[in-house]
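**Q** What follows is the residue order along each chain.
There are 2 protein chains.
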Amino acid sequence: MPKAVVLLSGGLDSTTALAVARSRGFDCYALSVDYGQRHRVELDRAAAAAKALGAVEQRVVKIDLRQIGGSALTADIDVPKDRSADDMGHGVPVTYVPARNTILLGLALGYAETVGAFDLFIGANVLDYSGYPDCRPEFLSAFGALANLATRAGTEGTGTFRVHSPLLKMTKAEIIREGTKLGVDYGATLSCYDPDAAGRACGRCDSCLLRKKGFAEAGVPDPTAYQ
Amino acid sequence: MPKAVVLLSGGLDSTTALAVARSRGFDCYALSVDYGQRHRVELDRAAAAAKALGAVEQRVVKIDLRQIGGSALTADIDVPKDRSADDMGHGVPVTYVPARNTILLGLALGYAETVGAFDLFIGANVLDYSGYPDCRPEFLSAFGALANLATRAGTEGTGTFRVHSPLLKMTKAEIIREGTKLGVDYGATLSCYDPDAAGRACGRCDSCLLRKKGFAEAGVPDPTAYQ
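Sequences listed follow chains A and B, in order.
81 is the number that this note's numbering gives to position 81 of the first sequence; each next residue is one higher, with no gaps.
196 is the number that this note's numbering gives to position 196 of the second sequence; each next residue is one higher, with no gaps.
Be careful, since some hints might not be right.
A pair counts as met if it fits within one copy or between any two copies, since identical chains are not told apart.
Below, simulated DSBU-like cross-link-like pairs (lysine-lysine); rule was C-alpha separation at most 35 Å, straight line [said to hold, decoys possible]: (1) K51 with K3; (2) K62 with K51; (3) K3 with K62; (4) K181 with K213; (5) K212 with K181; (6) K181 with K169; (7) K62 with K81; (8) K213 with K81; (9) K181 with K62; (10) K212 with K51; (11) K62 with K213.
It should be emphasised that the hints constitute simulated quantities derived from the structure, not laboratory data.
Whole structure, please, built from the sequences with the hints as guidance.
**A** Structure (C-alpha cells):
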C-alpha cells in the first residue's frame with residue numbers, strides 16, 4: 001500500500017481527512033504539531049484519532065510559534081466569540097497563524113521524505129470559512145509543486161509529491177456525513193479554539209459555531225461536549 | 001528603511017547574508033532556528049552576529065526536527081569526514097535535512113508577516129556544494145511565489161514577498177571577500193557540522209573543508225578555532 005502523511009490536529013476536519021486517506025488505501029503516517037496553540041488538548045484527541053482510524057504511527061513535533069506570535073491562537077489576543085456567519089465571511093480572522101500551513105506542510109514534507117511517502121493529506125476547507133489564505137486551492141497546488149523542487153525524493157525522480165485536500169470544497173455538513181460514513185467518532189474530536197482544561201468546547205468561537213451548524217445541517221446528532 | 005527577515009544560523013554564509021542585507025539598506029530581523037541540530041553552539045554565534053551587525057532584533061524558534069530525523073544533523077548518523085571535493089560533488093549528502101529550507105523559510109515568512117517585512121534573506125549557495133536540492137535557484141524562486149499565496153500580507157496586496165539569496169552563485173572565497181569588506185568577523189562564526197563543546201571546529205567535515213579552502217583562495221587569514 002502507498003504511504004501518506006496526514007496532518008492531524010485532532011479536530012473535525014483533519015480527523016475526517018485521515019479517514020478519507022485510509023479509505024483511499026493509504027498506509028497513514030499521522031503528524032501532529034504542537035505549535036504552542038491554546039488548544040493543546042487537541043493533541044490528545046489527535047493521538048486517539050490516529051489509533052482509532054488505524055494510522056501506522058503518529059509523531060508529534062513541537063515548535064514554539066509563540067516566538068513569532070501574530071495570532072489569537074499563539075499570542076495574547078482574544079479569540080472572538082458569538083460572531084455571525086456574515087462577520088466570519090469577511091477578511092482574514094485573528095485566529096489566522098502567519099504562514100501556518102506553509103510551516104505545517106513543510107514539516108509533513110520532511111516527515112514524508114523520511115518515511116518514503118509522496119502523498120500529503122491536509123484537512124483544509126474553503127467553503128464555510130474562506131478567510132485563511134493558506135487554505136485556498138492555489139496555495140495548496142503551489143505547495144505541491146514546491147515540494148518536488150525542495151526535496152531529495154522529489155528531485156531524484158523516485159516519485160511525485162502531491163498535496164491532497166479532500167475536504168476543500170465540502171460544506172461542514174458534507175464533511176460530517178462523509179466522516180460518519182467512514183466511522184469517525186466525532187465525539188472524540190475537538191474543534192474549539194478556546195476549550196476548557198477538561199477539553200470541553202466553548203460553543204461560541206467561530207470554529208464551534210460552524211461545527212454546530214454542520215451537525216444541524218447534516219442531520220447528525222452533535223456529540224460534542226460543551227462547557 | 002524597509003524591513004527584512006534574515007535566516008541566521010551563525011555560520012559563515014548566513015552571517016555574510018545578514019551583512020549584505022544591512023548593506024542594502026534593510027532593517028534586519030534575524031531568525032535563528034534551534035532544530036535539534038548537533039551544532040547548537042551555532043546559536044550563540046548567531047546571537048553575537050545579530051548584535052555585531054546591527055540587527056533590530058533576533059528571535060530563536062525551537063523546533064524538534066529529531067522527531068522527523070533522516071539527517072546526520074538531526075538523527076544518529078555519522079557526519080562524514082575528510083571527503084575529497086570530488087566526493088562532495090556527488091549526490092545529496094547525509095547532512096541534508098529533509099525539507100529543511102522549506103521549514104526555515106516558512107518560519108521566516110511567518111515572522112516577516114508578524115513584523116511587516118516582505119524581504120527574506122537566506123545564505124543559500126550552490127557553487128561550492130550543489131548537493132542540497134533546497135538551495136537551488138528554482139526552489140528559492142518557487143518559495144517566493146508560494147509566499148504571496150500563503151499569507152494575509154501577500155494576498156491583501158500590501159506588498160510582494162521576495163526571497164533574496166545574495167550568495168547563491170558566489171564561491172566560498174568570494175563570500176569571504178565580500179563579508180570581510182562589510183566588516184564580518186569570521187572568527188566569531190561557526191560552520192562546522194561537528195564542533196566540540198567549546199565551539200571549536202573539527203576541521204574535517206565537508207563544511208570545514210570548504211571553509212578552509214575558501215579562506216585560502218580568498219587570501220584572507222583563516223581565524224577559525226580548530227580542535
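**Q** Confirm or reject each hint.
**A** Comparing the hints with the structure gives:
Taking identical chains as interchangeable, the C-alpha atoms of K51 and K3 lie at most 35 Å apart only when both belong to the same chain, with a minimum of 16 Å there against 45 Å between chains. For the identical chains of this complex, K62 and K51 are neighbours both inside a copy (20 Å) and across copies (28 Å), given an alpha-carbon limit of 35 Å. When the C-alpha separation of K3 and K62 is checked against a cutoff of 35 Å, the pair qualifies both within a copy, at 23 Å, and between copies, at 28 Å. For the identical chains of this complex, K181 and K213 are intra-copy neighbours only, at 19 Å inside a copy versus 63 Å across copies, given an alpha-carbon limit of 35 Å.
In the homo-oligomer, the alpha carbons of K212 and K181 lie at most 35 Å apart inside one protomer (18 Å), although the nearest pairing across protomers, at 62 Å, exceeds that limit. For a Cα distance limit of 35 Å, the shortest separation of K181 from K169 inside one copy, 18 Å, qualifies, whereas the shortest one across copies, 54 Å, does not. For the identical chains of this complex, K62 and K81 are neighbours both inside a copy (28 Å) and across copies (31 Å), given an alpha-carbon limit of 35 Å. In this homomeric assembly, K213 and K81 come within 35 Å of each other (Cα to Cα) only inside a single copy, at 15 Å, whereas the closest approach across copies is 60 Å.
In this assembly of identical chains, K181 and K62 lie within 35 Å of each other by CA distance solely inside one copy; the values are 33 Å within and 40 Å between copies. Taking identical chains as interchangeable, the C-alpha atoms of K212 and K51 lie at most 35 Å apart only when both belong to the same chain, with a minimum of 25 Å there against 51 Å between chains. Taking the shortest alpha-carbon separations for K62 and K213, only the intra-copy value of 32 Å comes in at or below 35 Å, while the best inter-copy value is 38 Å.
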